[in-house]
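A.B. asks: Next come the chains, spelled out residue by residue.
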Amino acid sequence: MSTTAEAITVDSSKEVIVLEGATVRLAGDSGDGMQLAGTQLTGTSAQVGNDIATFPDFPAEIRAPRGTLAGVSGFQVHFSSHEIFTPGDQLNALVAMNPAALKTNLSDLENGGILIVNEDSFDKKDLKLAGYEISPLDNHSLEGYQLFRVPMTKMTRDSVEGLGLSLKEADRCRNFFAMGLLYWLYGRTPDVTLRFIESKFGGKPDIAEATRRALKAGWNYGETTDAFASSYRVDPAKLPPGKYRNMMGNQALAWGLIAAAKLSGKEIFYGSYPITPASDILHELAKFKNFGVRTFQAEDEIAAVCSAIGASFGGALAVTTSSGPGIALKGEAMGLAVILEVPLIIINVQRGGPSTGLPTKTEQSDLLQVMFGRNGECPMPIIAARSPGDCFDVAQEAWRISTRFMTPVMILSDGYIANGAEPWRIPDASKLPKIPITHPGPRENGEPFLPYERDERLARPWALPGTPGLMHRVGGLEKEDITGNVSYDPENHQHMTNVRAQKVENIAKDIPPQAVDGPASGDVLVLSWGGTYGACTTAVNRCRKEGLSVAHAHLRYLNPFPANLGDILKSYTKVLVPELNMGQLRLLVRAKYLVDAIGLNKVKGKPFAVVEIVQKIKQLLA
Amino acid sequence: MTTQLPVLTASDFASDQDVRWCPGCGDYSILAQMKKMLPQLGVSREKIVFISGIGCSSRFPYYMNTYGIHSIHGRAPAFATGLKSVRSDLQVWVITGDGDGLSIGGNHLMHAIRRNLDINIVLFNNRIYGLTKGQYSPTSPIGKVTKSTPMGVIDNPLHPLSIAIGCEASFVARTIDVNIKHMEHVLRRAAEHKGTAFVEVYQNCNVFNDGAWDYATSRETKADTIVELEHGKPLIFGKNRDKGIRLNGMQPEVVELGKGITEDDLLFHDEKAPEPSLAYLLSRMRYEDDFPEPIGVFRAVEASIYDVELNKQITVAREKRGDGDLNKLFNAGETWTVA
Numbered sequence: 011m012s013t014t015a016e017a018i019t020v021d022s023s024k025e026v027i028v029l030e031g032a033t034v035r036l037a038g039d040s041g042d043g044m045q046l047a048g049t050q051l052t053g054t055s056a057q058v059g060n061d062i063a064t065f066p067d068f069p070a071e072i073r074a075p076r077g078t079l080a081g082v083s084g085f086q087v088h089f090s091s092h093e094i095f096t097p098g099d100q101l102n103a104l105v106a107m108n109p110a111a112l113k114t115n116l117s118d119l120e121n122g123g124i125l126i127v128n129e130d131s132f133d134k135k136d137l138k139l140a141g142y143e144i145s146p147l148d149n150h151s152l153e154g155y156q157l158f159r160v161p162m163t164k165m166t167r168d169s170v171e172g173l174g175l176s177l178k179e180a181d182r183c184r185n186f187f188a189m190g191l192l193y194w195l196y197g198r199t200p201d202v203t204l205r206f207i208e209s210k211f212g213g214k215p216d217i218a219e220a221t222r223r224a225l226k227a228g229w230n231y232g233e234t235t236d237a238f239a240s241s242y243r244v245d246p247a248k249l250p251p252g253k254y255r256n257m258m259g260n261q262a263l264a265w266g267l268i269a270a271a272k273l274s275g276k277e278i279f280y281g282s283y284p285i286t287p288a289s290d291i292l293h294e295l296a297k298f299k300n301f302g303v304r305t306f307q308a309e310d311e312i313a314a315v316c317s318a319i320g321a322s323f324g325g326a327l328a329v330t331t332s333s334g335p336g337i338a339l340k341g342e343a344m345g346l347a348v349i350l351e352v353p354l355i356i357i358n359v360q361r362g363g364p365s366t367g368l369p370t371k372t373e374q375s376d377l378l379q380v381m382f383g384r385n386g387e388c389p390m391p392i393i394a395a396r397s398p399g400d401c402f403d404v405a406q407e408a409w410r411i412s413t414r415f416m417t418p419v420m421i422l423s424d425g426y427i428a429n430g431a432e433p434w435r436i437p438d439a440s441k442l443p444k445i446p447i448t449h450p451g452p453r454e455n456g457e458p459f460l461p462y463e464r465d466e467r468l469a470r471p472w473a474l475p476g477t478p479g480l481m482h483r484v485g486g487l488e489k490e491d492i493t494g495n496v497s498y499d500p501e502n503h504q505h506m507t508n509v510r511a512q513k514v515e516n517i518a519k520d521i522p523p524q525a526v527d528g529p530a531s532g533d534v535l536v537l538s539w540g541g542t543y544g545a546c547t548t549a550v551n552r553c554r555k556e557g558l559s560v561a562h563a564h565l566r567y568l569n570p571f572p573a574n575l576g577d578i579l580k581s582y583t584k585v586l587v588p589e590l591n592m593g594q595l596r597l598l599v600r601a602k603y604l605v606d607a608i609g610l611n612k613v614k615g616k617p618f619a620v621v622e623i624v625q626k627i628k629q630l631l632a
Numbered sequence: 036m037t038t039q040l041p042v043l044t045a046s047d048f049a050s051d052q053d054v055r056w057c058p059g060c061g062d063y064s065i066l067a068q069m070k071k072m073l074p075q076l077g078v079s080r081e082k083i084v085f086i087s088g089i090g091c092s093s094r095f096p097y098y099m100n101t102y103g104i105h106s107i108h109g110r111a112p113a114f115a116t117g118l119k120s121v122r123s124d125l126q127v128w129v130i131t132g133d134g135d136g137l138s139i140g141g142n143h144l145m146h147a148i149r150r151n152l153d154i155n156i157v158l159f160n161n162r163i164y165g166l167t168k169g170q171y172s173p174t175s176p177i178g179k180v181t182k183s184t185p186m187g188v189i190d191n192p193l194h195p196l197s198i199a200i201g202c203e204a205s206f207v208a209r210t211i212d213v214n215i216k217h218m219e220h221v222l223r224r225a226a227e228h229k230g231t232a233f234v235e236v237y238q239n240c241n242v243f244n245d246g247a248w249d250y251a252t253s254r255e256t257k258a259d260t261i262v263e264l265e266h267g268k269p270l271i272f273g274k275n276r277d278k279g280i281r282l283n284g285m286q287p288e289v290v291e292l293g294k295g296i297t298e299d300d301l302l303f304h305d306e307k308a309p310e311p312s313l314a315y316l317l318s319r320m321r322y323e324d325d326f327p328e329p330i331g332v333f334r335a336v337e338a339s340i341y342d343v344e345l346n347k348q349i350t351v352a353r354e355k356r357g358d359g360d361l362n363k364l365f366n367a368g369e370t371w372t373v374a
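Going down the list, the sequences are from chains A and B. Our numbering puts the first sequence at residues 11 to 632. Our numbering puts the second sequence at residues 36 to 374.
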């Protein structure tokens, strides 16, 4: 083995089998760098031109005890030569860095699938930590898989010898060995990862060299060992032409907000308190001070939303972000934003609940919370993102609605979308639709300014402090229509309650009608929202290919619903609502449209497998 | 070219709303002094924003002909933080009370002060919950009998200025609702301070806690129970100005002038002392411990200001990287083309 990392040639001398796609999962200890390895495999596959979908799955603990089942962190990548919508139900290949990773992930590997294990970690201690009496490598229990026992620890250490690294530092390069092996197996060039190494470790030449060598050692191992008789190739997908990049959900929300600010001539104020899985939006936005983005890490969730409302009063594009527990804390202030009638974006990146629940796992169980979780009659528009890339569009749409109607708008995302990635076609910024905003100008004539006078949509003017003649006071007490003065008049309260509700209802006239994929009427309509889009789309497509009469409507607008939704629901014999909750959208559509919708519900911290939805559809048609 | 600002008077700052505090409430006096003081600043009305929480004091913004937010309980400092962060051109006032600011909103008060935004916080301290009709507050003294403490308060009270100083406040002052000249002066000093100015006002709730500050306001006692702080001057008080505060190690003590004790032996007030210990010590001088309670400016120092630093970072980022360009952002890093 050479002592320096040279260029890796992708051409393998072995047989190459062409696949339509592959689902690969890297699993190891939470300190093994599996998230990094998965991210690199994602970027590398995207660069090849594959369509991709990813599912990172990690524990809530930063470093759970080493080698234990609780500490296993995984990253699943689905890459394909055709269009895909999910990270895949079953694994074609699994890399297990230790016995615990094998134990917790093996059940997801298909029969006959590729199983690569770090043989060096299957020692007495790690086996015991994982609860194995005897090593599964020795007892024939893995015979149903293509098992590759790779001495990763030893080979990684050998590859970095002479660089003066400690054993601990050497072992931290094992994920690069695993990456190198996977790159060989699926015929990918390591260019993206080499560039990453340069930018990440450029200042630490030893570490940079070590990771390059480990990467190359992994690739060489695949090429030279007799164990792997062939490698695979997944050709580029036929995506719509254009320039692409890899995009994660939280990143797309941040970029969407930045775009919304530019398109409306505003600067962002982002009040937030760190919470999983939303914090990455704060990290991303904090990088862009040159866009005038002011990020404020508040003392708590309440201060985060209140500071944003203050900034909105001052004329900023104000945003606050959290997950369910933080949204609960923001409830009172969200009510204030509703009665003040100021623009504000609130983002809830949902996770498993109740209470602290499952912080790092995905769920859709905050729909009713954001719909109703405030005191009084307190309607707030809600829109939901369906995929990582869609977050970019949803952020702009939220700001458009918020400013056109002078109302806070709730965006729902979830942990699956937030950390997932997909190829994103880069738009031309100059062609993104502008978001026009007007503020009333100075008034010199001494006539009183009427802060609650309304336009045809029922929106009130957004008058900014600093404007002469428009001095006015807003507050949480019920206000008299038009003047905005405090009013306890019973008729006025009824009237203002009606007006606030009607204003939100008016949004239905301002959004596109609900689209349906599939027949306009038939046996089954699958009605979905949020992060289940990919699984539902794939399931419905699969059923239709089998000749079943199934249509799919995926909701972006959850409050108000699109104006034509009632008619759509009544055009099908059965309506199936798959949700990662116990039936929250179902409750809303049953209440509103008196439709006997049927639920498919689970809360296991994981997205739907396509097959689960397919089975349910078939059951309904049986 | 200079533009002459129109000369405003107190009445220009009065809104068209009827003031609805109880007759005789100390809040009237604070409102009057605020309206009298603001025209002296040369800041136009549209540049001023009053933000309050919930409570009697928090109705204040409705009565000012400026911009205003009557927000939610305890959170006014957070609203002010967001507003000032994006609009450093505005003069922002937070109006709060002992319950609003120190109980439900203690966290926000603490963090606004330590960030040292260029805002002014006026805390009306009446040592009672007024709007909810008479429960004890975090500043009510031990033993105080109220509706919620029929056998007397058993929790130790907070002292607003000690809290503020503990949070590294750059400006701390105290005044009294009936001491109108003094209040006008203190409010003006607060307005002129760069950074968070924290002012405690002893305010009488004549309905639920009448006379709570009698010792500090009555003609008979006030000369002995109050000591007025002046920068660079010794702490002298008493009807005949014959008493003073002397430091005995780290302990203040009341001494009588004469009998070998001269003014030079007394504690000289230094509001600009970088070390807050002296200001803290003054904040702990209490009537119940037989000390006169200081009023005036305890502390006024220069410190880095959050909104100034925030805007500096924006400017520096723009200078270094140029004004944000969406196409540049979208196309940076790893991309690929599908033909």
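If you're looking for bench data, these hints aren't it; they were derived computationally from the structure. Heads up, some of the hints might be wrong.
Cross-link-like lysine-lysine pairs, in silico, DSS-like; alpha carbons within 30 Å at most [stated by the list, open to error]:
1. K441(A) <-> K355(B)
2. K616(A) <-> K138(A)
3. K294(B) <-> K257(B)
4. K210(A) <-> K82(B)
5. K278(B) <-> K294(B)
6. K297(A) <-> K441(A)
7. K257(B) <-> K276(A)
8. K276(A) <-> K347(B)
9. K441(A) <-> K138(A)
10. K276(A) <-> K355(B)
11. K257(B) <-> K70(B)
12. K210(A) <-> K363(B)
13. K214(A) <-> K355(B)
14. K168(B) <-> K297(A)
Over 12 Å on every C-beta distance to chain B, these chain A residues come out as not near it, computed from the model [said to hold, decoys possible]:
15. R73
16. Q100
17. K113
18. L139
19. Q156
20. M165
21. K178
22. F211
23. I217
24. A239
25. N256
26. N300
27. D438
28. D533
29. K626
Don't be surprised by glycine CBs; every beta carbon is placed ideally from N, CA and C.
A.B. asks: Which of the numbered hints are not met once you compare them with the structure shown?
C.D. replies: Structure breaks hints 4, 7, 9, 14, 25, 26 and 27.
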